[in-house]
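K.L.:
Residue numbers (the working numbering), protein chains in the order written: chain A, 1 to 228; chain B, 1 to 228; chain C, 1 to 293; chain D, 1 to 293.
Hint data in this document are derived by calculation from the structure and do not stem from the laboratory.
Keep in mind the model is a prediction, meaning the values are calculated, not measured.
Honestly, I wouldn't trust all of these hints.
Unchecked claim - The list that follows gives simulated cross-link-like pairs (lysine-lysine, BS3-like), each with its CA atoms no further than 30 Å apart:
1. B/K136 x B/K214
2. C/K205 x B/K133
3. A/K26 x A/K54
4. A/K136 x D/K156
5. B/K54 x D/K87
6. D/K217 x C/K156
7. B/K110 x A/K136
8. C/K156 x A/K88
9. B/K54 x A/K133
10. B/K133 x B/K110
11. B/K88 x C/K156
12. B/K136 x C/K156
13. D/K156 x D/K217
14. D/K156 x B/K133
Unchecked claim - Taking CB as the label site, the calculated pair distances span:
15. B/D75 x C/L187: 44 to 52 Å
16. D/R147 x C/Y245: 30 to 38 Å
17. A/K133 x B/L223: 32 to 40 Å
18. C/G277 x B/R118: 55 to 63 Å
19. B/D75 x C/W219: 51 to 59 Å
The beta-carbon is built from N, C-alpha and C at its ideal position, and this holds for glycine as well.
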Amino acid sequence: MIHLNRLSYSFGSNWALKDISLHVEKGEFIFLTGHSGAGKTTLMRLLYGALPVKRGQATVAGYELHKLKRKQIPDLRRELGVVFQDFKILPNRSVYENVALALTVRSMAKSTIDKRVRAIIRALGLENKTYIKCHKLSGGEQQRVAIARSMVVNPKLILADEPTGNLDFELSMHLMDVFKQFHTHGTTIIMATHSREILRTVPDAKVIHLDGGKICEPPEHILSEMAS
Amino acid sequence: MIHLNRLSYSFGSNWALKDISLHVEKGEFIFLTGHSGAGKTTLMRLLYGALPVKRGQATVAGYELHKLKRKQIPDLRRELGVVFQDFKILPNRSVYENVALALTVRSMAKSTIDKRVRAIIRALGLENKTYIKCHKLSGGEQQRVAIARSMVVNPKLILADEPTGNLDFELSMHLMDVFKQFHTHGTTIIMATHSREILRTVPDAKVIHLDGGKICEPPEHILSEMAS
Amino acid sequence: MISLIFRLIGRGIRDLGLHPWANIFTLVAVTMVSLLAALFMFTLHNVNQELLKTRGQVQMQIFWQSGTAAEAYNRQWDKLSKLDGLKEIRTFTPDDALKHLSEALNGEDDFAWMKEQNNPLQPTALLAFSVKAGVENDRWATDLLSRLKELPYVDKVHYNPLQIDLAKGWIGLTRSVIWPIIGFLGLVVALVVGNTIRLSLMTRKDEIEILYLVGAKQWFIRLPLLTGGALLGLTGSSIALGTLYGAQIFFEDVLNFPPLFIKLTFLPPDQCIALLGAVTLIGMFSSFVAVRG
Amino acid sequence: MISLIFRLIGRGIRDLGLHPWANIFTLVAVTMVSLLAALFMFTLHNVNQELLKTRGQVQMQIFWQSGTAAEAYNRQWDKLSKLDGLKEIRTFTPDDALKHLSEALNGEDDFAWMKEQNNPLQPTALLAFSVKAGVENDRWATDLLSRLKELPYVDKVHYNPLQIDLAKGWIGLTRSVIWPIIGFLGLVVALVVGNTIRLSLMTRKDEIEILYLVGAKQWFIRLPLLTGGALLGLTGSSIALGTLYGAQIFFEDVLNFPPLFIKLTFLPPDQCIALLGAVTLIGMFSSFVAVRG
Ligand SMILES: Nc1ncnc2c1ncn2[C@@H]1O[C@H](COP(=O)(O)OP(=O)(O)OP(=O)(O)O)[C@@H](O)[C@H]1O
Ligand SMILES: Nc1ncnc2c1ncn2[C@@H]1O[C@H](COP(=O)(O)OP(=O)(O)OP(=O)(O)O)[C@@H](O)[C@H]1O
Ligand SMILES: [Mg+2]
Ligand SMILES: [Mg+2]
Chain A
1 MIHLNRLSYS FGSNWALKDI SLHVEKGEFI FLTGHSGAGK TTLMRLLYGA
51 LPVKRGQATV AGYELHKLKR KQIPDLRREL GVVFQDFKIL PNRSVYENVA
101 LALTVRSMAK STIDKRVRAI IRALGLENKT YIKCHKLSGG EQQRVAIARS
151 MVVNPKLILA DEPTGNLDFE LSMHLMDVFK QFHTHGTTII MATHSREILR
201 TVPDAKVIHL DGGKICEPPE HILSEMAS
Chain B
1 MIHLNRLSYS FGSNWALKDI SLHVEKGEFI FLTGHSGAGK TTLMRLLYGA
51 LPVKRGQATV AGYELHKLKR KQIPDLRREL GVVFQDFKIL PNRSVYENVA
101 LALTVRSMAK STIDKRVRAI IRALGLENKT YIKCHKLSGG EQQRVAIARS
151 MVVNPKLILA DEPTGNLDFE LSMHLMDVFK QFHTHGTTII MATHSREILR
201 TVPDAKVIHL DGGKICEPPE HILSEMAS
Chain C
1 MISLIFRLIG RGIRDLGLHP WANIFTLVAV TMVSLLAALF MFTLHNVNQE
51 LLKTRGQVQM QIFWQSGTAA EAYNRQWDKL SKLDGLKEIR TFTPDDALKH
101 LSEALNGEDD FAWMKEQNNP LQPTALLAFS VKAGVENDRW ATDLLSRLKE
151 LPYVDKVHYN PLQIDLAKGW IGLTRSVIWP IIGFLGLVVA LVVGNTIRLS
201 LMTRKDEIEI LYLVGAKQWF IRLPLLTGGA LLGLTGSSIA LGTLYGAQIF
251 FEDVLNFPPL FIKLTFLPPD QCIALLGAVT LIGMFSSFVA VRG
Chain D
1 MISLIFRLIG RGIRDLGLHP WANIFTLVAV TMVSLLAALF MFTLHNVNQE
51 LLKTRGQVQM QIFWQSGTAA EAYNRQWDKL SKLDGLKEIR TFTPDDALKH
101 LSEALNGEDD FAWMKEQNNP LQPTALLAFS VKAGVENDRW ATDLLSRLKE
151 LPYVDKVHYN PLQIDLAKGW IGLTRSVIWP IIGFLGLVVA LVVGNTIRLS
201 LMTRKDEIEI LYLVGAKQWF IRLPLLTGGA LLGLTGSSIA LGTLYGAQIF
251 FEDVLNFPPL FIKLTFLPPD QCIALLGAVT LIGMFSSFVA VRG
């Protein structure tokens, strides 16, 4: 699903990612950990084509990112569901419209859109906010809209950047259940997270630990969480 | 410091807060917990004057919010340091400028501003990002800028809405140390949080648990965290 | 596919409602600058018409011998009014002339200076011919002049050949000046409308970014924006033309009094359509450009 | 306190650099609409001058008897040119007149129609007097006319009393039309500049909200914005006037050929200052309004 070969990325002279090599098979569940500023979001942005691959090679869902033309980026993104760290939802559209957007963009029929959007909104406990404009939602509600939008397309690959930062423990656990459902249906998931409680929920997941832009051995406490 | 008497707030017909009565003494440390959408942010917004008190009475730092005139709101806000859930930092200004803003607004001398801004930036581990524009920062770095801006004014009262959602465990612990330092110097702190690890760091703190806009008894697992 | 296009166009129209203030500000700016352009064109059109009326023509004033029988000159006036190229004929009997003169002097009866001259008024006719820009005009005018002089009872014919120069000069001027002015006007409208629309799209920058991030293709994003831009341009210029039309009807006769006799006329349809089309296209084009950046 | 004000003004200027595109778009729109307004004023000013030159005056044409000695009429011309209220005197000797006529006919030698009339050319003078709007003018003109007629060797004096009406009409028209037009122009400029600036401030809505949230007072937020708005207005209108001035110098003589003889003159300083001031104030005012909402 994902093949990275000596991928590096710099903002000016600041190397946010250095020599990342990584293979992710279809159906894997990957946790991306690391300190604040370690490069997790940068890696995600490379994977969904928001940053260009300038050094190294990267293949995602069959698209060779280092050769990708601008026109192909939408096609790549249609294979993915992305939960952005800062949500990136449209504040003056309703929850329904925001979630439906991911399907509208893919030119789907209205009835299919309706069915799938309602199902996912219900799954994430937002049914009584369906027609509320998103700028009126609480932080956690907005985050769930972002998650819903990434899931509604039934993607091959979900990239979730810190998807539970604004959610309380129980809701996080519930959401992890939803993610795990997708996982059992074959979706590859890459999730950046800081929370140890989240790590604990998927014991068979692989942990990729970034430190200063390099892949490192995860520190003790993370390994012990996964083992427990 | 804070006296709330039967405070209620509704968005249209949706009562986000119902009959909140609460007394917070100077120097207290309060955790605000509750599910997503419970009303934590709404309560904070009432306290810093972003929402008007329409029903009930509220006094914050000596200001009677239910009688507050528009012109007094800046004075109220100058008594407070607020960490917003969505950061609310200026994306095209540097870290330094964002943090200094809170002091510039208070018409302080340039040299004082410089000293205090540099000190707090160092305390939050952002010194090598001082002159970087904030839209170039990672999520956790932005959150720390928001925290720095709330602390730099040495406020009587800090309102922190989910200040560690984007920070990893170690950094969260470090930040809690900084908050506790302010606390030991007499600052009143109200912190909304979802993280149990955070709750654990301040065992003598009071927990206010919101559920559906009402103050409730905190659930078992929260109480046990605090006890441990 | 076609239904999708219609859906996107519909979305473009509905999206205008999502940013009411930005769009109202834009609309007002577009309307106002269109109105200014329309007014400019309107003024030019009317000045042009007026000047062509008074300048782009040759006038010949025929004086009949005093004492010519009314019957005789009346018959000649009938014939003259059928002359080729004639635009206007104004005739004055001796009585008319005296009346006009005394009116112009506010009814004062001091015609001493006139009687001193021993100059009894003659019947006159003022003939205005429109000038066709061309080389043969001088000859044509002199030919006409000598024909008029040979008419029976005619005393003299006044004709100022300078007027031909003047008319030719104005026509040439119009040709050489009107296009640069319209071009400049177009530039101004394009820059103001274009920049305002681009500015209003800056308030939607985040939205456009998000659409790209969830996998929207270029045309999916652009089509609604183009629709919105076109609609803003069309609405703005229509309101401008409508306002101008109302103003024209209201002020039609504001200059229509002696001695000006200027009746304001509305822009010809082709100019209206040009304005509507241009502003609409500018709206579309600048939406298009705005998304590229 | 004063240093703080200066700091805030400085911040307002520097902040313009933080949103370069939004401000460039705004500046272009402001400049263009100012330019349009300036051009409108410029046209009005020149048309007005031109029309006042040809209309706001009384012309009397004096014909001397043919065969009057050159010495005699030359002496009279000298005297006439010192008359009170005289604006312009143009004199033609019989030779001048013939030369002009043949030039106007492009050197053709066909003066047959003239000779037929047995009308040898006379020395003439065209006197233009400026009309002072007032009640006594008709009397003044007729008095002058009779004085001119009594001069020795003078054959006849042509004078059209309608011209007084025309001149008075134009002056009245100017008075009644110019202010509404300037008012309307002001409205258009105000709406376009105002809305564009408000639109550009919408891209800074978040920033303003954040300033309020960290405890900034009204003036702390407004002063830099007012400065920015004023600067945009001042820069835009200055560029517009500069451009117009350049254009005026370049095109000064474009209409200055026979028979038009129109020399384009630049706007008088008071109108320039009015434009600069108005646009600057509009910039400030609309920034002020934008923050209130
Ligand atoms: N657009 C940019 N320009 C310059 N530097 C950037 C930019 N985006 C990110 N960086 C820097 O790159 C480094 C990695 O950022 P990244 O967002 O990938 O961190 P992260 O691992 O997601 O951190 P967090 O957990 O705080 O979200 C950081 O030091 C950040 O300041
Ligand atoms: N501007 C608004 N208009 C309408 N409803 C609103 C508005 N802001 C918040 N709400 C609603 O009020 C309720 C409480 O919101 P609030 O933001 O206080 O929750 P919260 O406790 O902070 O949740 P979270 O932990 O997710 O941030 C939610 O149901 C939310 O949808
Ligand atoms: Mg990140
Ligand atoms: Mg909240």
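K.L.:
None of the hints should be skipped; say for each whether it holds.
P.N.:
Do the hints match the structure? See the list:
1. B/K136 x B/K214: The hint is violated at about 39 Å.
2. C/K205 x B/K133: This hinted pair holds, its Cα atoms lying about 19 Å apart.
3. A/K26 x A/K54: holds (25 Å)
4. A/K136 x D/K156: violated (90 Å)
5. B/K54 x D/K87: Violated - the C-alpha atoms of D/K87 and B/K54 are around 77 Å apart, more than 30 Å.
6. D/K217 x C/K156: With a Cα-Cα distance of about 85 Å, the restraint between D/K217 and C/K156 is violated, given a limit of 30 Å.
7. B/K110 x A/K136: With a Cα-Cα distance of about 38 Å, the restraint between B/K110 and A/K136 is violated, given a limit of 30 Å.
8. C/K156 x A/K88: Distance ~89 Å between C/K156 and A/K88 Cα, so the pair is violated.
9. B/K54 x A/K133: holds (23 Å)
10. B/K133 x B/K110: holds (20 Å)
11. B/K88 x C/K156: Violated - the C-alpha atoms of C/K156 and B/K88 are around 90 Å apart, more than 30 Å.
12. B/K136 x C/K156: Violated. B/K136 to C/K156 sits at ~91 Å, over the 30 Å cutoff.
13. D/K156 x D/K217: violated (81 Å)
14. D/K156 x B/K133: violated (87 Å)
15. B/D75 x C/L187: 44 to 52 Å: holds (51 Å)
16. D/R147 x C/Y245: 30 to 38 Å: Roughly 52 Å apart at Cβ, these two residues miss the hinted range, so it is violated.
17. A/K133 x B/L223: 32 to 40 Å: The hinted range 32 to 40 Å holds for A/K133 and B/L223, with Cβ atoms some 37 Å apart.
18. C/G277 x B/R118: 55 to 63 Å: holds (60 Å)
19. B/D75 x C/W219: 51 to 59 Å: holds (52 Å)
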